[in-house]
Amino acid sequence: MQATVLAFESGGSSASRFLLQSNASLSERHSEGYCAMYDICGERSDGKVLNCPFGTPSVEPDEIFSSKIQSLCPTISGNVCCTEFQFDTLRTQVQQAIPFLVGCPACLRNFLNLFCQLSCSPNQSLFINVTSISKVKNNLTVDGIDFYVTDAFGEELYNSCKEVKFGSMNSRAMDFIGAGAQNFKEWFAFIGMQAALDVPGSPYAINFRSNISEASGMKPMNVSVYSCGDSSLGCSCGDCPTSSSCSNTPPPSPHKKDSCSISIGSLKVRCLDFSMAILYIVLVSAFFGWGLFRRTRKRSSASKMKPLLNMRDEYEPNSVNKQKDETVPMQMHDAAPRVVNGVQLSVVQGYLSSFYRRYGTWVARNPTLVLCSSLAVVLLLCLGLIRFKVETRPEKLWVGHGSKAAEEKQFFDSHLAPFYRIEQLILATIPDSTHGKSPSIVKDDIIQLLFEIQKKVDGIRANYSGSIVSLTDICLKPLGQDCATQSILQYYQMDLEKYDEYGGVDHAEYCFQHYTSTETCMSAFKGPLDPSTALGGFSGNNYSEASAFVITYPVNNEIGMSGSENGKAVAWEKAFIQLAKEEILPMVQSKNLTLSFSSESSIEDELTRESTADVITILISYLVMFAYISMTLGDAPRISSFYISSKVSLGLSGVLVVMLSVLGSVGFFSAIGVKSTLIIMEVIPFLVLAVGVDNMCILVHAVKRQSLTLPLEGRLSNALVEVGPSITLASLSEVLAFAVGSFIPMPACRVFSMFAALAVLLDFLLQITAFVALIVFDFLRAEDNRADCFPCIKIPSVTQLDEGTDQGKPSLLTRYMKEVHAPILAIRGVKIVVICAFFALTLASITLCTRVETGLEQKIVLPRDSYLQGYFNNLSDYLRVGPPLYFVVKNYNYSSDSRHTNQLCSISQCDSNSLLTEISRASLVPESSYIAKPAASWLDDFLVWLSPEAFGCCRKFTNGTYCPPDDQPPCCSPDEGSCDLGGVCKDCTTCFLHSDLHNDRPSTAQFREKLPWFLNALPSADCAKGGHGAYTSSVDLNGYESGVIQASEFRTYHTPLNKQSDYVNSMRAAREFSSMVSDSLQIEIFPYSVFYIFFEQYLDIWRTALINLAIALGAVFIVCLVITCSLWSSAIISLVLAMIIIDLMGVMAILNIQMNAISVVNLIMSIGIAVEFCVHITHAFSVSHGDRTQRTKEALSTMGASVFSGITLTKLVGVIVLCFARSEVFVVYYFQMYLALVLLGFLHGLVFLPVLLSICGPPSRCVLIEKQSEDRPSTSSELR
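For reference, each letter of the sequence shown is one residue, going 46 to 1325 in this note's numbering.
Careful, some of the hints might be misleading.
[As the list claims (entries may be wrong)] DSS-like cross-link-like pairs, simulated, lysine-lysine; straight-line CA separation at most 30 Å: (1) K613 to K500; (2) K1001 to K93; (3) K613 to K720; (4) K935 to K441; (5) K1001 to K522; (6) K482 to K626; (7) K543 to K488; (8) K1001 to K441; (9) K904 to K501; (10) K619 to K522; (11) K613 to K522; (12) K619 to K434; (13) K571 to K522; (14) K904 to K636; (15) K1104 to K482; (16) K501 to K613; (17) K935 to K749; (18) K1001 to K613; (19) K93 to K571.
The hints are simulated quantities; they were obtained by calculation from the structure and are not laboratory data.
Modelling step: build the complete structure from the supplied sequences, incorporating the hints.
Listed below in structure tokens is the structure:
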């Protein structure tokens, strides 16, 4: 060896060749008791020491040095191949890795054995061969070695460490100490890489090898290796899932959805679909069987029934509606006793008819009094508008009182810390037009662009109450004075000068793989930056293929009762969005990139803007409905009588009545302190107009059907008797159906339902008061030949004859209903087809209902031209990490007498079913648990930080105060590049010896004293387990001195959530998981994520919908039963309404309309609206005469036209306009759903219901009444 050294000194550059061709034999250099390297012969310019390439015999250490070696390397005894200085260097270097591994003793022991054998083994020369040397200050130093290690040792070493978790980063320790190695060879390659200057790692190259020739005299190192499941050094189940004590428990199985299916040959159908098909066959068979039986029975008894039927036909009374048929005389003037038509009404209907008869006469005589008094009441209610306020805060709109998620959020915000506000920019490359693949965005010019953008963001100055606000004033600063901006620029410490200094793009790509282990990759805020949070559009860990940069600015969130604590942040956010629109967007587009952006207040701002986005559309809808109303209320247009017969002023008055009812409703609730919402002002006027117009048309048409020979008060009285009960029934049903929506816990929908119910009620009251009075005025105007809209102008009297002539003729629509529609539906074959088709539609809709998804896409709620539309698209396209998920533990008892510590932690000696272990196991099945990573555990890191093995972490001065790691002040001056062992903190000692702890757990007093130390300890290279920053807000220290921590959290992440169903299912899975663990450990635990408060409603939205729909249907049934006293009629109306709602939900599935609070309110309101399609036809049917088919024809002849023109077409023309709305929510939830409702209501009310009534309708209420003639003419049939 001496000859070799001399040869090196004389040979210069040929040193390696001379070294390997030494005259000394290999057996002397590579044999037991010999070293391959001994002592320190130099150091690099960055301070890393270099060993001497001297193959000297091993040296016996003194007793003190031997005990030091034993404390770190218990497998080495006797002689050693290292000096005390070398050993101290080893201890300092491994000190940085120990905190990552100390939670798994087997991994730590194996890892230390590897480096102990490398540095100090007495048989070092047997498995280490120096392959390269260098000259430093005339001293020979080692520059490269071969380290022979058996594959078995390498494999077992890797297996014992591969699953060890590093809590504060929600990742594996292997990501930090092995650059994410996937096997031991990759790990050894990382360890053996010669580190560049000022970069952590080995100062010389280490080439790990396993094969060596026997002639060399060397043999691979193969010391004892411990399995992570070893009984003496075993790790927790979270760090060693393959342990025998853990592998017995299978990982959580994915949630199994209802997958019941039936195979019919090659066809596979769901059980529900198959059941509905069988049910349909049974129902159709029963229907045909019943029809055949009934027809056979009729034929057999036809001869016996014929005389009775003839007698019945002779004396069949006319219905009340019969008097409305213009071809039949309504009045009978005979003086002799006679049999007249009568209707046996229910008690309630009788009272209503009597009331409306007297009321109609009184209104006709006192229209001014009625109009003024009714308007005065409504105007009085409108005074409440003085206190009108609009609620725009999302949490106040969509989160119900008593919400579990709201309570959990309040607990989290008050005991820990509110979730930070997020401001975000997403830059992305444009996909290639040929292959559709987006090119990589990690390019020099784009990173330079990022620096320019960052400079502009840093330069934002917002004004808030006279003070200037910048990003540094509001940003989140976990570890110092630098913002925790999540950007790829953090790999250059946000400094453009370091971009070229560090090597440009290559440095970023290097940091993608070594972001946790390289000092130059650390961020400006002194923490590692996970590339998955700053990049998007990549697969797996191929970060260099990323097609998007995601820049996130976390901003402090201040939560208080007033809601104005974030004023500075909101002011800055508005300036940020303005900058993005006006300056950053053009910059990005000039580089052929796309930009999307958002701030915490963006959604609220855009929702506010949406409130005015569709004002023109709504106004056009109102104008179209107004024009249609005016046309419908008037007579057939004739030039000679147009100015008199038109009803423009009456239609306008009707629209004003609707407006007043809406304003009265809003005024009343404003007066009692209920805030309005933007959707109320947009939708309720349209809704009330659509509902109220029907009654207006029915009332006017009923008056016009009366004989002109009657005085106006008689016509008005008869009209109110004719339609008043059905209008009352329909209106009360609507009010109750709308009011049911007030039981929905979501405030926005509850308030909407309350406002709508009162508005519809006021609209009904104004219709039978103010509008009836207006009808009187309008007919008086017409009778006096005064022009519509200009009553001061009188038209020549010839028009009166024309008007009377027109009024005596049935309209075209009435003739169609009587001569075409009703006869077609009376055909037996048509009835069969209608019944079969509608029941098929209903059963098919039941199967489709199960396909309706829950949720409300954020993009739908926003205006179509909102900048957030592109942002939400990019979120789902590019983000590779989901929202943070916190498992919050309440009342954690850390005392020595409690088992809570081991029930929560996941390091050595923790329970196999502990909370953190279960979280780790759940992350193995992210497709069902929606948990992406093991949890960051302050408790694990605290116990490791306390551990004597982590000798660089928990330390104390001789006076018992906290001593920081050697690389932090006061041990290391801030201006020093590194700290040597002679620092001012050399008198520090570890907090505890093993004998001070009980089973490696601190006592109650030790826990209480050291926890604040840990939470204030800054993480550094010497001790990465410091809790400051990572866990500052993870523990509530208020009152912890009692031995109980009121609140603490363990942070992990959801998997990327791209759809609304993902958000709902992830919340459901987290709650089920927490409930399971809470029950198992008997500790109160709940999950929390920032979006839970808005998605909790969807967990039981179906239950809410079905319950409220059932209540609404029940309310309608009860109202119908009370007013009609007919169980039969009420059941038929309820059946048809249920079919309409079921079919509407089927249409929702076809149109991909989600189930949410808006659609639930729409469904409930649909019951109220659909009532009108059914009630009037059913009422007309019940008071008609003849058999069921004849009564159906008469009901369609008298009320079919009113239902079609006054209900169907009125709603149709108003709804169609909404398809042009700029807001998608109007198009989807109002245009599509209301259009479907109108069409379904029309088909069921004018097609299915008449057929159903003709088959199984209730008996007629007509009776035969013997009556003496009266001197005065009768104005209607006798009503009882």
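Starting from K571, check that the Cα of K522 is at most 30 Å away, please. 10 Å, holds
Is K619 within 30 Å of K522, Cα to Cα? 21 Å, holds
Would you mind confirming whether the straight-line C-alpha gap from K619 to K434 stays at or under 30 Å? 23 Å, holds
Between K482 and K626, does the CA-CA distance stay at or below 30 Å? Between K482 and K626 the Cα gap is close to 27 Å, so the pair holds against 30 Å.
Hint check: K93 vs K571, CA-CA at most 30 Å. Holds or violated? Holds, at about 22 Å.
Pairwise hint evaluation, K501 against K904, where the allowed Cα distance is 30 Å at most: OK: K904 and K501 at ~28 Å, within 30 Å.
Are K613 and K720 close enough, with their CA atoms no more than 30 Å apart? 26 Å, holds
Agreement of K501 and K613 with the hint, judged by alpha carbon distance not exceeding 30 Å: 19 Å, holds
Measure nothing beyond the straight line between the CA atoms of K1001 and K441; if it is 30 Å or shorter, mark the hint as holding. 50 Å, violated
Straight-line alpha-carbon gap K904 to K636, limit 30 Å: Holds, at about 27 Å.
Straight-line alpha-carbon gap K1001 to K613, limit 30 Å: 42 Å, violated
K1104 paired with K482 [C-alpha distance capped at 30 Å]: The given pair, whose Cα atoms are some 22 Å apart, holds under the 30 Å limit.
The structure fails to meet hints 8, 17, 18 from the earlier list, while all remaining hints are met.
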